[in-house]
Every structure is written in C-alpha cells, then in structure tokens.
Amino acid sequence: MTLVSVVIPTYERATLVGGAIETALAQTHDEIEVIVVDGGSTDGTLDVLDRYTDDERVTVLHDDPNGGIAGARNRGVAAASGAFVCPLDDDDRWYPTKVERQLAVFGQRGPRCGVVYSGGVARRNGRVVRTYSPRRSGRIYPEILADFGLNPYSSHMIRRACFERVGGYDTAFPHGEDWDFCIRVARAYEFAAVSDLLVERRLHDGNRSQSFGDTTDMDLVRRKYEEEIARYPDIERQFVTRWYRRRSRVHAERGEYAKGVSLSLRAAVRAPSMNAALLVASACLGRRGLGLVRRLRARADRALAAGDTITGDADSPAKRRGDAT
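Residue 312 is where the sequence shown ends in the working numbering, and the numbering goes up by one at each step.
Some hints here could point you the wrong way.
To be verified - Here are the in silico distance ranges between beta carbons for each label pair:
{"hint": "1", "residue 1": "Leu12", "residue 2": "Arg241", "range": "25 to 35 Å"}
{"hint": "2", "residue 1": "Gly113", "residue 2": "Glu215", "range": "35 to 45 Å"}
{"hint": "3", "residue 1": "Gly94", "residue 2": "Ser120", "range": "33 to 43 Å"}
What the hints assert, rightly or not - No farther apart than 20 Å at their CA atoms in a straight line, the calculated lysine to any residue pairs in the SDA-like style are these:
{"hint": "4", "residue 1": "Lys211", "residue 2": "Ala148"}
{"hint": "5", "residue 1": "Lys211", "residue 2": "Arg152"}
{"hint": "6", "residue 1": "Lys211", "residue 2": "Asp157"}
{"hint": "7", "residue 1": "Lys211", "residue 2": "Pro98"}
{"hint": "8", "residue 1": "Lys211", "residue 2": "Pro129"}
{"hint": "9", "residue 1": "Lys211", "residue 2": "Asp201"}
{"hint": "10", "residue 1": "Lys211", "residue 2": "His191"}
In short, the hints are calculated from the structure, not lab data.
Fair warning: this is a prediction, and the values are worked out from it, not measured in the lab.
C-beta: ideal position from N, C-alpha, C; glycine also.
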C-alpha cells in the first residue's frame, strides 16, 4: 500500500492542532504518516503534541520560529517518507475518504499528473460561508500566473517527485508560497481535481491567511515572474485587473473612498464588464461613494475613448511597467 505523508505546520495552536492530526489519522487509507512542524509554540501546543509520543505514525519536529510557513513546510517535506505529500493547515479538517479518493485519481492519470486537489467548504461558527469548487485541471500553465485558483491548499496531494524536480517552498514568501510552488509545478506537470467537497476550513480571528485587500502574494509573484507574465498579454491584463480590485477594497476599508473608486475603475478599464465592476465599487464604498462613481465613470469613458488609463496607486504593477494595458 502507498505511504502518504501529511505535513502540518503549527504555531500557538493548542486548541486546533490536535483536530488536524486526528483528521489525518482517521483517513480510510491506512498508510499515513503525520509530520507536525512546530515553530516554537509557548501556549500549550507542545502539551497537545506530547499526547502522540507513543504513536509511531506521528513525528513532531521543532523548527526555527522565524522560518515562516514556507520554511516549516520545507522541513516537513524533507522528513517525509511517502510517495505523496499532503499539506494540512492546523485549523483545517479532512473528510475521511480524501486521501483514498485522490490516490485513485493519481492511479488513473499516471506520472504526468503532479497534483490532485478537491473541493471544500469554509465554516465560521459552524455555518458554511464559502464553497470551493475546482475549476481547473490538466495543463494550467500559464493561466496560474494570473490567479492561484486552487484553494483550499489543504486539499492538495502532491507527488513527491514534484519537490525533487522543482524544489520546495520559497521562504521569501510570507504569503502565497503555495501559489509560487504550484506555478513551478504547473510548468512540468498536469493538475487533476476531485469535484466533491473533501476539506473543511475553519475560519476564526486567528486565521493566518492574508486579508482580502492585501496584495503581498501578488506583489511577490509579480516580482519573481514578471518576465513570464509579460509574455502573455491576456494573463498580464488579468493579473493587473485583480491587483487593482484587491487594492480598491483595502482603500475602501480605510475610508479612502476616492482611491478605492479610482482603482475599481482602473480595473474596469481592463475588465470585459465595466458596469459589473462599477456595481462592485458602489457596493463596497456605500452611499458616500456613489457621487465619486458617477464622476469617475465619465472619466473612465473618456480614458477608454482616448486609449488612456486612470491615474491610480504609484505602486501598481501597471505603473511599474509603464502603465501598459
């Protein structure tokens, strides 16, 4: 039977990490090893991990607390013995048949397939607030340069050979290390999906994922893959549009309505449906932003007619590249 390695990074998660370990050990596929990488917890997490001292299926590693999520994942992968590696965040949970069903897909697709992922749900206080439905499979490069689109990452099962071929997680990424890794895998391998919901994310105030308006991951991807993105005009356009939309939300949350609307419209210039983008901007900014929407829409129309663009953040990717559309 095929051994599957589950890598769980954790830090200060005494109330959560035990549930992640149990959900891995409860899989219908029996050949499982669980590798927990602790980043220097002081909140009782180690007491929870001590309960598994006598379980030969569970290995606990102690990592540099400054190594970040990418470093912890790399440490776990380096210690893994399985032919397949499954990342599992300490606040996520698996349904019992996840591993078994993904192994079956690998068996069908053969060595050309590097990753199998699945659908999932996100819950807050027991209520489903989001559903993740797989929408990509096969060769997903270069499309993955514009948008990760493979969430939840805890649904991934990765062929061990992928790490040997493309390397591990880039420790320069405090966020988005999963996106960067999958870009490199997608150059060489196909992706496959199980459409069913096999993973559950638990949303809470302590989630480590970045906020909606944070563009840290996009900024890092742009810097690392700028030349590749520029080779594909449609991909570059999609990337820049997403960047503007994210930044417009964070400006709106800060009460910087003019900047928020301006960036929403900047996204609209590049997007197929300007009306849809304007409606999103209005909804995000509320009644106070409606006047700005009307005025800036006229400005956007003039910009489109002239082949120009709207002035926005100086740090935008388009501004850095000469504001190309």
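Looking back at the numbered hints, which does the structure fail to meet, lowest number first? 1, 3, 4, 7, 10
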